[in-house]
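What follows is the residue order along each chain.
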Amino acid sequence: MNSFSLADCTSLESALSELKSGAVVKAGGVDLLDRMKNGTDTPTRLVNIRRISELRGIHETSDGLTIGALTTLAEIADDPTIRSQYTILSDACGHAATPHIRNMATIGGNVLQELQCWYFRSAEFQCIRKGKEQCFAFSGLNQYHAIMDYGGCPSVAPSSGAVALLALNGTIELTSAARGKRMVAIKDFYIHPDANPHRFNVKADDEILTAIHIPQPAPGTRSAYQKYGEKESHDWAIADAGILLEMDGDQCKRAVVTMGAASPVVRRSQEAEAVLTGKRITEQTARAAGKAAMTGAMPLSMNAYKVQLFPVAIYRTVLLAAGQMERDPSAAG
Amino acid sequence: MAIHPTEVIPDALMSSSAGASDAASKTVKMPIGIPDFTLREEERIVPDSEPPVLPLNKDLKYIGKPTERWDGRAKATGRARYTADVQLPGMLYAKFVNASVPHAKILSVDTSAAESHPGVKGVHVIEKILGNAVLRNPSLEQSRYPLVRYVGQPVAAVAATSPQAAEDAAAKIKVKYEPLPFVVDMDLAREADAPLVFPGAADQAGTAGGGGSAGGLTQTGNVHGPAVHKVGDAEQAFKESDVVVDAHYTTQVQTHSALETHGVVADWKPEMLTVYASTQGTASVREECAAFFQLPMSKVRVITEYMGGGFGAKFGAGNPGVVAAALSRKTGAPVRLMLDRQEEHLSVGNRPSSDQRLRIGAKKDGTITAIQLISYGTAGCGTGAGCAGPATNLYKWATLHVEENDVFTNAGPAAAFRAPGHPQGAFALEQSIDELAERLNMDLLDLRDRIDENPVRRVQRQIIRESAIWKSRHATPNTDAGPIKRGIGLSQSVWYRHLTMESAAEVRVHKDGSLEVLSAVQDIGSGIKTVLAQILAEQFGVPPAKVEVKVGDTNYPVGPNSGGSVTTASLTPAVRDAAWQASQKFLASIAPSLGTSASDLSLNEGMVRSKSNKFQPMTFRSAAARMNTDQVTAQAKRIPDYDPKKYDTYGGVDVAEVAVDTETGRIHVKHVYAVHDCGRPMNPTQVISQINGGVIQGVSYTLFEHRLLDPNYGIMVNANLDKYKIAGSFEIPKIEVVLTESYIGQSSTDASGIGEAAGIISAGAAIANAFYNATGVRIRQLPMTPAVVLAALNKPKPQMEAL
Numbered sequence: 001m002n003s004f005s006l007a008d009c010t011s012l013e014s015a016l017s018e019l020k021s022g023a024v025v026k027a028g029g030v031d032l033l034d035r036m037k038n039g040t041d042t043p044t045r046l047v048n049i050r051r052i053s054e055l056r057g058i059h060e061t062s063d064g065l066t067i068g069a070l071t072t073l074a075e076i077a078d079d080p081t082i083r084s085q086y087t088i089l090s091d092a093c094g095h096a097a098t099p100h101i102r103n104m105a106t107i108g109g110n111v112l113q114e115l116q117c118w119y120f121r122s123a124e125f126q127c128i129r130k131g132k133e134q135c136f137a138f139s140g141l142n143q144y145h146a147i148m149d150y151g152g153c154p155s156v157a158p159s160s161g162a163v164a165l166l167a168l169n170g171t172i173e174l175t176s177a178a179r180g181k182r183m184v185a186i187k188d189f190y191i192h193p194d195a196n197p198h199r200f201n202v203k204a205d206d207e208i209l210t211a212i213h214i215p216q217p218a219p220g221t222r223s224a225y226q227k228y229g230e231k232e233s234h235d236w237a238i239a240d241a242g243i244l245l246e247m248d249g250d251q252c253k254r255a256v257v258t259m260g261a262a263s264p265v266v267r268r269s270q271e272a273e274a275v276l277t278g279k280r281i282t283e284q285t286a287r288a289a290g291k292a293a294m295t296g297a298m299p300l301s302m303n304a305y306k307v308q309l310f311p312v313a314i315y316r317t318v319l320l321a322a323g324q325m326e327r328d329p330s331a332a333g
Numbered sequence: 001m002a003i004h005p006t007e008v009i010p011d012a013l014m015s016s017s018a019g020a021s022d023a024a025s026k027t028v029k030m031p032i033g034i035p036d037f038t039l040r041e042e043e044r045i046v047p048d049s050e051p052p053v054l055p056l057n058k059d060l061k062y063i064g065k066p067t068e069r070w071d072g073r074a075k076a077t078g079r080a081r082y083t084a085d086v087q088l089p090g091m092l093y094a095k096f097v098n099a100s101v102p103h104a105k106i107l108s109v110d111t112s113a114a115e116s117h118p119g120v121k122g123v124h125v126i127e128k129i130l131g132n133a134v135l136r137n138p139s140l141e142q143s144r145y146p147l148v149r150y151v152g153q154p155v156a157a158v159a160a161t162s163p164q165a166a167e168d169a170a171a172k173i174k175v176k177y178e179p180l181p182f183v184v185d186m187d188l189a190r191e192a193d194a195p196l197v198f199p200g201a202a203d204q205a206g207t208a209g210g211g212g213s214a215g216g217l218t219q220t221g222n223v224h225g226p227a228v229h230k231v232g233d234a235e236q237a238f239k240e241s242d243v244v245v246d247a248h249y250t251t252q253v254q255t256h257s258a259l260e261t262h263g264v265v266a267d268w269k270p271e272m273l274t275v276y277a278s279t280q281g282t283a284s285v286r287e288e289c290a291a292f293f294q295l296p297m298s299k300v301r302v303i304t305e306y307m308g309g310g311f312g313a314k315f316g317a318g319n320p321g322v323v324a325a326a327l328s329r330k331t332g333a334p335v336r337l338m339l340d341r342q343e344e345h346l347s348v349g350n351r352p353s354s355d356q357r358l359r360i361g362a363k364k365d366g367t368i369t370a371i372q373l374i375s376y377g378t379a380g381c382g383t384g385a386g387c388a389g390p391a392t393n394l395y396k397w398a399t400l401h402v403e404e405n406d407v408f409t410n411a412g413p414a415a416a417f418r419a420p421g422h423p424q425g426a427f428a429l430e431q432s433i434d435e436l437a438e439r440l441n442m443d444l445l446d447l448r449d450r451i452d453e454n455p456v457r458r459v460q461r462q463i464i465r466e467s468a469i470w471k472s473r474h475a476t477p478n479t480d481a482g483p484i485k486r487g488i489g490l491s492q493s494v495w496y497r498h499l500t501m502e503s504a505a506e507v508r509v510h511k512d513g514s515l516e517v518l519s520a521v522q523d524i525g526s527g528i529k530t531v532l533a534q535i536l537a538e539q540f541g542v543p544p545a546k547v548e549v550k551v552g553d554t555n556y557p558v559g560p561n562s563g564g565s566v567t568t569a570s571l572t573p574a575v576r577d578a579a580w581q582a583s584q585k586f587l588a589s590i591a592p593s594l595g596t597s598a599s600d601l602s603l604n605e606g607m608v609r610s611k612s613n614k615f616q617p618m619t620f621r622s623a624a625a626r627m628n629t630d631q632v633t634a635q636a637k638r639i640p641d642y643d644p645k646k647y648d649t650y651g652g653v654d655v656a657e658v659a660v661d662t663e664t665g666r667i668h669v670k671h672v673y674a675v676h677d678c679g680r681p682m683n684p685t686q687v688i689s690q691i692n693g694g695v696i697q698g699v700s701y702t703l704f705e706h707r708l709l710d711p712n713y714g715i716m717v718n719a720n721l722d723k724y725k726i727a728g729s730f731e732i733p734k735i736e737v738v739l740t741e742s743y744i745g746q747s748s749t750d751a752s753g754i755g756e757a758a759g760i761i762s763a764g765a766a767i768a769n770a771f772y773n774a775t776g777v778r779i780r781q782l783p784m785t786p787a788v789v790l791a792a793l794n795k796p797k798p799q800m801e802a803l
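Going line by line, the protein sequences match chains A and B. Residues 1 to 333 in the numbering used here are what the first sequence spells out, letter by letter. Residues 1 to 803 in the numbering used here are what the second sequence spells out, letter by letter.
Heads up, some of the hints might be wrong.
[Claimed, not checked] With a Cα cut of at most 30 Å, we get these calculated DSSO-like pairs of lysine-lysine:
(1) B:Lys-230 / A:Lys-37
(2) A:Lys-291 / B:Lys-723
(3) B:Lys-511 / B:Lys-61
(4) B:Lys-511 / B:Lys-471
(5) B:Lys-511 / A:Lys-130
(6) B:Lys-172 / A:Lys-132
(7) B:Lys-269 / A:Lys-37
(8) B:Lys-723 / B:Lys-230
(9) B:Lys-176 / A:Lys-37
(10) A:Lys-130 / B:Lys-645
(11) B:Lys-723 / B:Lys-58
[Claimed, not checked] A few chain A residues facing chain B, derived, Cβ under 10 Å:
(12) Thr-98
(13) Asn-103
(14) Glu-124
(15) Leu-141
(16) Tyr-228
(17) Gly-229
(18) His-234
(19) Asp-235
(20) Trp-236
(21) Val-312
(22) Arg-316
(23) Pro-329
Think of the hints as simulated: they come from the structure by calculation, not from any bench. Source: prediction; values computed, not measured. Backbone N, C-alpha and C fix where the C-beta goes; we use that ideal spot for every residue, glycine too.
Construct all of the structure, not just a fragment, from the sequences and the given hints.
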């Protein structure tokens, strides 16, 4: 790791004023310090926002929820309102990483974390996402990589929080000293590698992610998220599913199906949603939705198994959301 | 002592002209066998100086009883001082510069910018690399610097006043390479036109932990071998067999991933080189330092107070040890060099891969007519991929044909790793034995009873047969409906009674009643400190916690290198002998003041008594006050086993219960029932703890761990503990251990080791056999990731091979 200086800020204002000449924001420090230890990121100045109390906490508003960016994954996972009304989010935050990391990692950092591709994370490989031309995964080791809609970079979306927030139609609040606040829907927040391989999201360097707003789900909404790793303790998803069902009796009025580990940007599967909408939720419809979600899948040399795995993650999570199945013990992580 | 994984116990280790056949000897009756099953007595002729025969564990107070780890509190509270905790005045911090290319000749190393970096006190460019195989004919390569054979091979190192300065300066060293063609994939390396890792034949010696390979084998391209072991005519025997099972198995490269990385603090002073090392062998570090720097052994001191895991990879000084010592000599200051996690994965050892074709022929009654194993494996730019130990030593066969090949690749050299070769070999053998039983329509345990004559294993199978877990096993595979299927399988393991005679200790009795035991042996985490304390406790009747245990320092009498499960078997008899002799000297030293002779005195359960009732029994402590000297001492060294012609193996039978999610391809190991022996268990708590660890490491190897090298660049993509996946708390099954206490009548403690046999050998096969029981599908590839499992389940059911 390179040497760096640290600006320890206790107010948003002072933190924003520090964001100049290459300084980067440090919140929980989980992802940033990993990248610095790998030698892929070498910032010379960090702005520590972790002690800014105004950016922390879960607040119910008239039309939903506002979550401060510094709220930890553990706090979100344990929040009774989120657990009952926004279950998909507590599921996602409660099964990320490890208990230790969830106590340090913030929701803002979770949403902003960078790709987990092992080529991207190695200082030895200068890839398309680091301003060069090449992707090393296509002809290299790609068993954990994307299976659809990857364009020139088959890395997968790393944030499980974002998989939940996409299904909940969340909004990201970005704040800068120069321009004040702006709101960006989560569906517009991430940038596909083909649109711009060098930027992962629309946040500008002088902006801080300050909060996340989530609208109140419609009455009758049930939701769930499940992550499948190779192991249950501390692993990245090889398949995951965020499911939100607006139920009217036993009919599904509206369905949202989201995935993270399938593509470089968190995605909704309209094909899967179409299968569920207007139907009674049964194992059969759930399985059909899982299958539909793989429309357009183009696995790489080593990850065809993920095309088999995703439909399972989806059907089981649909049934979990619908209250027809227990949480999958094989997706405890 | 180099242990070749496939060798049958060498008699040379067991016998010696001194010892049991000495004129001054006595005949004793010793317990033999397993209490409640096969216990009996046998006579042994032992030297007169040996202590009385140690009773069965049930009749002892401290030995054989569950005992709290002697240094457990120090470890749990952070008081324990590991190598990385050593802080010496003026100490410098060193950092390696490692090769960034997999195969190259180094043209130049420019250290000028690093040397002028603030805080830098010394730079060292490596001229001799350790660990890699060595060319038989060194003149085939003309190069000022060692050839680079893998990404991560150390090239140079910097010592500076802070870790940050050392790291920043190391980044300024410019290495100019002439790249050479390379190969990291074993199958590609076997091809005729593959790039050559070595320009000629090369060999790697094993370490005290095993590994390496026999020298002088043929080498064709990158293929080093075969090492051939033939008994009888296997091909003819196959023709005469009623059944032949023939299968192909592959296993991956696993890295040791000990919690504590390799490293030393080296302090070179004119009068003495002192090395604080994370090592499994203080003696091995001392020997290598003395040899490398041409120092007398007396001028090298090695200290290992606490050790954070080695698993076979930490013998000798290695590159970190000699480079730190060289930097310390150069700078005149102590130098700390601890590897980081990436270096730990790349450059200090791994378990080789394997590609095995295994054929077993049998008669209708199960008798094995022939075993043939043709194996290839890559130990990177080292050797030691042989894996025929189980096929050779686990069962009785009429003919045997083994060919083991090492395949050189441009990857870090392997090192001995907990039961070298055996997890790979057992993964294949024990699945094929199950398959054989099915083809013969025989019960799995009945077949093993027929082909395995080991009396301990027989008892262990009986325990399994009567266990609740085995009784709950589905009689036919693929019984459960639904996507999640339960299955139960078993595997046996085998390891060998290796010993090292270089095992000695000194016992001191002080006039205040305090006790010390001293030996250079290092406690690598398995708990030898506690066991030594128990031995003195038993002799003098004081609690183990009251005994002072001083180990891990070559200033003390020589101790065994801890590899191949030798430590307990080798050292404990020497310690008991020293304790016994010290107790006799102690009685002699108190006799005058008690107005009697030593022969009138006895010391039992902490009380000194007069046989002629000259005085009331008194405690050991109050008797000690009557010593006619301040301290009595006794030293003893290991004597050969009492019956040099006999040899024993250890092992166990492990049962695994799995739940296979046939839709996700995930395997959850729910329960492992492990029945094991290790002679007399000295401290059952620690024995069980080692078996727990072996099972966990075995589950981790079977399901997750996999060193992944990018085929195009030769770089390991998962050189961390995040993407190199190791079992975590959710993955650890319920582990139930049954110890078969087994007496063999071989030494004054009759104890043996458990490190190798503990779980890791059998986990892969037990889980694979359980997987078969769950699904009806054979899985012959490790690790069993969802990708591998789904591929196996997707395959059309294989046809039975024609008889």
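Hint check:
1. For the hint pairing Lys-230 (chain B) with Lys-37 (chain A), the CA-to-CA distance comes to about 52 Å; that exceeds 30 Å, so the pair is violated.
2. A threshold of 30 Å between alpha carbons decides the hint, and for Lys-291 (chain A) with Lys-723 (chain B) the separation of about 29 Å falls inside it, so the pair holds.
3. About 24 Å separates the Cα atoms of Lys-511 (chain B) and Lys-61 (chain B), which keeps this hinted pair within 30 Å; it holds.
4. At most 30 Å may separate the alpha-carbon atoms for a hinted pair to count; Lys-511 (chain B) and Lys-471 (chain B) exceed this at roughly 58 Å.
5. Annotation: proposed proximity of Lys-511 (chain B) to Lys-130 (chain A) is violated, straight-line Cα distance about 72 Å (limit 30 Å).
6. Under the criterion of a C-alpha separation no larger than 30 Å, the hint pairing Lys-172 (chain B) with Lys-132 (chain A) is consistent with the structure, at around 23 Å.
7. Between Lys-269 (chain B) and Lys-37 (chain A) the alpha-carbon distance is near 34 Å, which puts this suggested pair outside the 30 Å criterion.
8. A hinted pair counts as satisfied when its Cα atoms are at most 30 Å apart, and Lys-723 (chain B) with Lys-230 (chain B) does not qualify at roughly 42 Å.
9. Our distance criterion of 30 Å between C-alpha atoms is met by Lys-176 (chain B) and Lys-37 (chain A), whose separation comes to about 25 Å.
10. Our distance criterion of 30 Å between C-alpha atoms is broken by Lys-130 (chain A) and Lys-645 (chain B), whose separation comes to about 67 Å.
11. Between Lys-723 (chain B) and Lys-58 (chain B) the alpha-carbon distance is near 47 Å, which puts this suggested pair outside the 30 Å criterion.
12. For Thr-98 (chain A), the suggested interface contact is upheld, since its CB lies about 8 Å from the closest CB of chain B, less than 10 Å.
13. The beta carbon of Asn-103 (chain A) comes no nearer than 16 Å to any beta carbon in chain B, farther than 10 Å, and the hint placing it at the interface is violated.
14. Contact between Glu-124 (chain A) and chain B, as hinted, is supported at the beta carbon level, the nearest pair being about 5 Å apart and thus within 10 Å.
15. Checking Leu-141 (chain A) against chain B: minimum C-beta separation of about 6 Å stays under 10 Å; hint holds.
16. Annotation: Tyr-228 (chain A) was flagged as interfacial toward chain B, and the flag holds, the nearest CB pair being 6 Å apart, inside 10 Å.
17. Annotation: interface hint on Gly-229 (chain A) holds; nearest CB of chain B at approximately 9 Å, less than 10 Å.
18. A distance limit of 10 Å between C-beta atoms decides the matter here; for His-234 (chain A) the minimum to chain B is near 5 Å, and the interface restraint holds.
19. Because the beta carbon of Asp-235 (chain A) sits about 7 Å from the nearest beta carbon in chain B, less than 10 Å, this interface hint is met.
20. A least Cβ separation of about 8 Å between Trp-236 (chain A) and chain B falls short of the 10 Å threshold, and the interface hint therefore holds.
21. The criterion of a C-beta within 10 Å of any C-beta in chain B is met by Val-312 (chain A), whose closest approach is roughly 4 Å, and the hint holds.
22. Residue-level restraint check for Arg-316 (chain A) holds (minimum Cβ-Cβ distance to chain B is 8 Å; threshold 10 Å).
23. Because the closest C-beta pair between Pro-329 (chain A) and chain B is about 7 Å apart, less than 10 Å, the hint holds.
The structure is inconsistent with the numbered hints 1, 4, 5, 7, 8, 10, 11, 13, although it conforms to all the rest.
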